[in-house]
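Enquirer: Here is how the chains run, residue by residue.
Number of protein chains: 2
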Amino acid sequence: MRFKKPPSVISGACVVGKKEGEGPLAETFDIIENDSFFGERTWERAESAMQRRALNAALEKAGLRGGDIDFVFAGDLLNQCIASSFGLRGSEIPFFGVYGACATSAECLALAAMSIDGGYAGRAAAVTSSHFCTAERQFRFPLEYGGLRTPTAQWTATGAGAMILSSDGGGPYITHMTCGKIVDMGVADANNMGAAMAPAAYDTLCAYFDDTGSGPNNCDLIVTGDLGFVGSAILEDLFRRDGMDIKIRHRDCGLLIFSREDQDVGAGGSGCGCGASVLAGYLLDGLRKGKWSSILYAATGALLSTVSTQQRESIPGICHALRISSYI
Amino acid sequence: MRFKKPPSVISGACVVGKKEGEGPLAETFDIIENDSFFGERTWERAESAMQRRALNAALEKAGLRGGDIDFVFAGDLLNQCIASSFGLRGSEIPFFGVYGACATSAECLALAAMSIDGGYAGRAAAVTSSHFCTAERQFRFPLEYGGLRTPTAQWTATGAGAMILSSDGGGPYITHMTCGKIVDMGVADANNMGAAMAPAAYDTLCAYFDDTGSGPNNCDLIVTGDLGFVGSAILEDLFRRDGMDIKIRHRDCGLLIFSREDQDVGAGGSGCGCGASVLAGYLLDGLRKGKWSSILYAATGALLSTVSTQQRESIPGICHALRISSYI
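Line by line, the protein sequences give chains U and Y.
To convert, note that position 304 of the first sequence is 304 in my numbering; the numbers rise steadily by one, no gaps.
To convert, note that position 190 of the second sequence is 190 in my numbering; the numbers rise steadily by one, no gaps.
Hints are computed from structural coordinates only; laboratory data are not their basis.
Given the structure is predicted, the values throughout are model-derived calculations rather than measurements.
Certain hints may be false.
For lysine-lysine, the following PhoX-like pairs were computed, each having C-alpha atoms within a straight-line distance of at most 25 Å [unchecked claim]:
1. K5/U with K61/Y
2. K5/U with K61/U
3. K291/Y with K5/Y
4. K61/Y with K291/Y
5. K4/U with K291/Y
6. K289/Y with K61/Y
7. K4/U with K4/Y
8. K5/Y with K5/U
9. K5/Y with K289/Y
10. K291/U with K5/U
The whole structure should be built from the sequences, with the hints applied where relevant.
Expert: Below is the structure:
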């Protein structure tokens, strides 16, 4: 879909944890919190607090208050998306809950952009989070257990990203959006979600290129979030088979947020807060400063649960892509 | 929000389980399946099968195929919404995952309507499900345990509703939508979700009446889904305090789908498949046949999880309202 009057991302803010604050993007984050509890009594409350802080910081940057926002689209990875519902319950903003696994950030932005371009909202917010500790104990093992990880496993980033979209503003603009189909190639290893999601990224990016009559070279950067090391290699290989080399323009939020050499994060970062905080900070900054003039942000999600894995299901993947540009 | 060119609900289909098929609305369901497994090997797969069957039935009624649909908006109550992602992974339709607890049906319809009225889609589908057995073991106890229920607890309906919206068609039309705010009045009893959700329903209905300059008497029916017996009484009482008697026009999907006298369902039905299957069958039928000319469908959700309850949190509620009318 092409937006007739592309909404402007007037403000973005990101809140991350200690480990993310020690990574290569440290300078691009608004808030780095060393306490994994964010001052709360549980990690789930901490994740809610991250969403709240990210939204408040984004509002403050834009000189706005909650009442100036018509809708907030929000989601996270927790069962029944409680990081969002508890985090934003005091915001007094009409609330649309979204679930797209790690593609949630792009889905929230897409729907927010649609609500503005369609004339239903003047301003809308998109808020997404993940937290290493809540994800680890919900999806994997108790933290105290100290389970070892396979080399293909990714590290859920602790981060929240909030962005404010407006019908007017000086950009960057969300100009196009491709909503992905669910793609399931039969990968069933929950410790290798990059491999499960890469075919979805390929499918959505191909659909975007077809629909717009463009190719990988028509934007400065193709940023997936978060395929990690394994999934990124698969995606690049899939395009190589079509005779397209995307490697030079391809970045992955899971590989940007951490240093795999120094930070022991397996195949890279993941979690819907990873892409959201990289986009709200590093990528938007780069667009604003002219480092890039347009990027394709393709967030990928693995639509599994612990129950589906225990029931020996394969992992359906999804990817939603947004073109974000400093000009219309 | 008022839709400029109200999308038409060109088709709706509902699939329910045995108990729902023994209730007062039996004749309005498209498929009643006596096997709680729907021929599958797990209840989760059964719920996915319900979504698939409901969507396929709705497509068939409209004389359409999956490829004719631009987007599907879908959700359910399971962790990470796997009923939707696994149910619709073979559909080849661009997929937006939605989580709004038992308000999911209205949220899916609202976003689908927005995508059509905004010009992004010609046709969109909204699919929602819940299953007693998947919900019971995820949120409460193993089925085999046979846990007793408190009188205020509701009975999760086994049902899926699918509706196809189109930019053209003869109605019924979705003319207005109010996106709810999260309302948390401090109710913390997970066995009394009606009480937790009623204030959200009141808040959203008041917003709708204010925004449209109308009142309860401007539509033929106000249908909540699903407050049950306790929540419905609270909602009616809240309006009574404002000098408005909504009782005569108020119905609740949780009280319509089951007979509390004959079916031992506590305070009534619940689950996002309850409202969806009542709307896709009984309510749309009534609008088409002229029984009512306009209804306000106000789906309510309790945004809790087992973790939030164990952590002694209160229950945030939400309600999204749609005006559905046989004329524009």
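Enquirer: Take the hints in turn and mark each one as holding or not.
Expert: Comparing the hints with the structure gives:
1. K5/U with K61/Y: Distance ~36 Å between K5/U and K61/Y Cα, so the pair is violated.
2. K5/U with K61/U: Holds, because 23 Å separates the two Cα atoms, which is no more than 25 Å.
3. K291/Y with K5/Y: holds (24 Å)
4. K61/Y with K291/Y: holds (21 Å)
5. K4/U with K291/Y: violated (40 Å)
6. K289/Y with K61/Y: Status holds; Cα separation ~17 Å.
7. K4/U with K4/Y: Judged against 25 Å, a Cα distance of about 17 Å means the pair holds.
8. K5/Y with K5/U: holds (19 Å)
9. K5/Y with K289/Y: holds (22 Å)
10. K291/U with K5/U: holds (24 Å)
Hints 1 and 5 from the earlier list are contradicted by this structure; the remaining hints agree with it.
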